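Undergrad: Full structure from sequences and hints, please.
Now for the letters of each chain:
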Amino acid sequence: MASNQATKPTPHFDRGRFSFYAACSWLALLLFGAVTASLWPLPFAPDQIDSEQLAALPGEAHLLGTDAMGRDLAIRLLFGARVSLTIGICAPLLGLGVGLLLGMPAALYRGWVERVIMTITDVLLAFPTLVFLLVFTALLGPSLTTITMGMGLLIAPRFIRVVRSATLTIVQREFVLAARICGARDITIMTGEILPNIMGTLLPYTLIVAGFVIIAEGGLGFLGLSVPSPAASWGGMLAAGRDTLEQAPHVAMIPMSVIFLTVLSINLIGERLRRGYERN
Amino acid sequence: MRQTGNKLFHLLLVLLAVTALTFVMTDRLPADIAAEVAGHGASAAELAELRERLGLNRPVLLRYATWLGGVCQGEFGKSLATEQPVSQTLASHLPVTLELLALSQLFALLLALPAGIISAWRAGSWIDRLTGTLAFGCAALPNYVMAMGLVLLCALKFKLLPATGYYPLHAGIIANLKGFLLPALSIALVEWVTLMRVLRSDLIATLKEEFILLARCKGVPPWRILLIHALRPSCFSFITVLGMQTAHLIGGAVIIETIFALPGIGRLLVTAIFAQDYPLVQGTVFLIAVAYVALNFLVDLAYGVLDPRVRTGGGNGE
Numbered sequence: 001m002a003s004n005q006a007t008k009p010t011p012h013f014d015r016g017r018f019s020f021y022a023a024c025s026w027l028a029l030l031l032f033g034a035v036t037a038s039l040w041p042l043p044f045a046p047d048q049i050d051s052e053q054l055a056a057l058p059g060e061a062h063l064l065g066t067d068a069m070g071r072d073l074a075i076r077l078l079f080g081a082r083v084s085l086t087i088g089i090c091a092p093l094l095g096l097g098v099g100l101l102l103g104m105p106a107a108l109y110r111g112w113v114e115r116v117i118m119t120i121t122d123v124l125l126a127f128p129t130l131v132f133l134l135v136f137t138a139l140l141g142p143s144l145t146t147i148t149m150g151m152g153l154l155i156a157p158r159f160i161r162v163v164r165s166a167t168l169t170i171v172q173r174e175f176v177l178a179a180r181i182c183g184a185r186d187i188t189i190m191t192g193e194i195l196p197n198i199m200g201t202l203l204p205y206t207l208i209v210a211g212f213v214i215i216a217e218g219g220l221g222f223l224g225l226s227v228p229s230p231a232a233s234w235g236g237m238l239a240a241g242r243d244t245l246e247q248a249p250h251v252a253m254i255p256m257s258v259i260f261l262t263v264l265s266i267n268l269i270g271e272r273l274r275r276g277y278e279r280n
Numbered sequence: 001m002r003q004t005g006n007k008l009f010h011l012l013l014v015l016l017a018v019t020a021l022t023f024v025m026t027d028r029l030p031a032d033i034a035a036e037v038a039g040h041g042a043s044a045a046e047l048a049e050l051r052e053r054l055g056l057n058r059p060v061l062l063r064y065a066t067w068l069g070g071v072c073q074g075e076f077g078k079s080l081a082t083e084q085p086v087s088q089t090l091a092s093h094l095p096v097t098l099e100l101l102a103l104s105q106l107f108a109l110l111l112a113l114p115a116g117i118i119s120a121w122r123a124g125s126w127i128d129r130l131t132g133t134l135a136f137g138c139a140a141l142p143n144y145v146m147a148m149g150l151v152l153l154c155a156l157k158f159k160l161l162p163a164t165g166y167y168p169l170h171a172g173i174i175a176n177l178k179g180f181l182l183p184a185l186s187i188a189l190v191e192w193v194t195l196m197r198v199l200r201s202d203l204i205a206t207l208k209e210e211f212i213l214l215a216r217c218k219g220v221p222p223w224r225i226l227l228i229h230a231l232r233p234s235c236f237s238f239i240t241v242l243g244m245q246t247a248h249l250i251g252g253a254v255i256i257e258t259i260f261a262l263p264g265i266g267r268l269l270v271t272a273i274f275a276q277d278y279p280l281v282q283g284t285v286f287l288i289a290v291a292y293v294a295l296n297f298l299v300d301l302a303y304g305v306l307d308p309r310v311r312t313g314g315g316n317g318e
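Top line first, the protein sequences correspond to chains A and B. For what it's worth, my numbering labels the leading residue of the first sequence as 1, then goes sequentially. For what it's worth, my numbering labels the leading residue of the second sequence as 1, then goes sequentially.
Simulated from the structure, these hints should not be mistaken for laboratory data. Computed from a predicted model, the values in this text were never measured in an experiment. Possibly wrong hints are sitting among the right ones.
As the list claims (entries may be wrong) - No farther apart than 20 Å at their CA atoms in a straight line, the calculated lysine to any residue pairs in the SDA-like style are these:
#, chain 1, residue 1, chain 2, residue 2
1, B, Lys157, A, Thr244
2, B, Lys157, A, Leu57
3, B, Lys7, A, Thr244
Claimed, not checked - One side only, chain B facing chain A, incomplete, derived with CB under 10 Å:
#, residue
4, Asn6
5, Leu13
6, Tyr64
7, Ala140
8, Tyr144
9, Gly149
10, Gly266
11, Thr284
12, Ala291
No residue lacks a Cβ here, since even glycine has one placed at the ideal position from N, Cα and C.
TA: The structure is reproduced here in structure tokens:
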């Protein structure tokens, strides 16, 4: 992986750059499809049953075929992407927000503020994440909001830690001192001096978390604890495909590949950003 | 000694928080437990009587204390669905999860150790790049996708192994292992990535140290340098990650256990959630959370045993 030595000019074909653009295009395509899904004149609704085409292979009538109930896979994937991407974008952002709100003051003020925040963080980190997510969603009833909130809150302690340690390395730099001498208030120092400088660490981390969240949401969907069926979710499609794994493997393999490609793309972009940041 | 005491205090604090949260969360699982237990035809008087009997009228804090007292004596109450003691159900499901855990971590180690050592020794070579790319791919596969892929390939296409089916150990060790092979592999094929990466980067750092140079000058063969000289000082983060992964898997193998119909703790939790069997959910979450916390604590302690530099109190700490 750590192959390019950065000193060697690459006149021909940069494999890293190619995969980076491929990953970006895949995510852009997915995002575009998910956002505009209900605007197009699609031939089928996501939960519409085509009783003549049960578990049909990809073909003319259905681009990617149908599942065992005769529902169009491509259209369900598109609507499932709405769920996965909403959670995959909102939950990490929620975690990031909480992390910034608590992590920066902890590093800036030190003392008892830091001790209280970090003790709470440590206790929260001691919880087995997935199990509590499971109980949490079962308790409040699975819906887009509860899952997003639950995931966001469960990953927030990790963000607090990352934000705090990133801030600690910045706080002692001269430009922060200079800002302080100029009479900048704490809030200005945090938003104007620290925040832009820790974003390079936080952005790749947020992407890694986004990949994790999408995987976790798929798992919940698989267990039937994501958005309630008949609404489409990738995990739910996977679970439906499991029942016909022998007769019609494509019903499971198509959502499998989509989850794989999406998480792979997110990881690729995160890796690229991280390496680019480390080089500076 | 003092540090261990501090850690123990921290452990107690975390355990208290975890159990309290578990209790409060699961306490409210069904909206009205009494109605759930009594069924539909129950009259108001019967419901009130049942609430009294289950102790639902008392304040939450009191009930938590009672529950915790029971837990300390190994009493988790009775399952609402089967009327069996929760502790018995847990005890019968735990060995399955433990075996799955042990096997999958064993496979992960078998993959990660050689891969990590070789790619650190030959960093930048084609074999390093190949393992790196493979690892990158595996990291993007959730274990449930891996599991379905393996079932598709090994069980349905080539009919090598059964897709599901659990045989207890006394039914024959071969049948038992056959049932565990695919689930353990689907976990291991995802988990090895982190282990390999951590080992590789730490080994690369160690191999730059002077004592390795000295060993090379003395003419120590490469395998001996790698396995005897370099591995021990490079395996601290490796052990930490291994421990954290194991802790995580106690409840995190839920989906794998469901796919392969293994009667483990994770599957028990999911069935209990769907059946709204709150004493069972409570007991299961408690068990998972405590095991998680305890394992993380043990990893912390193991650090001191492995790395003499971490042991403080005697000698020149830093």
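Undergrad: Could you tell me which of the hints above the structure violates, numbers in ascending order?
TA: 3, 4, 6
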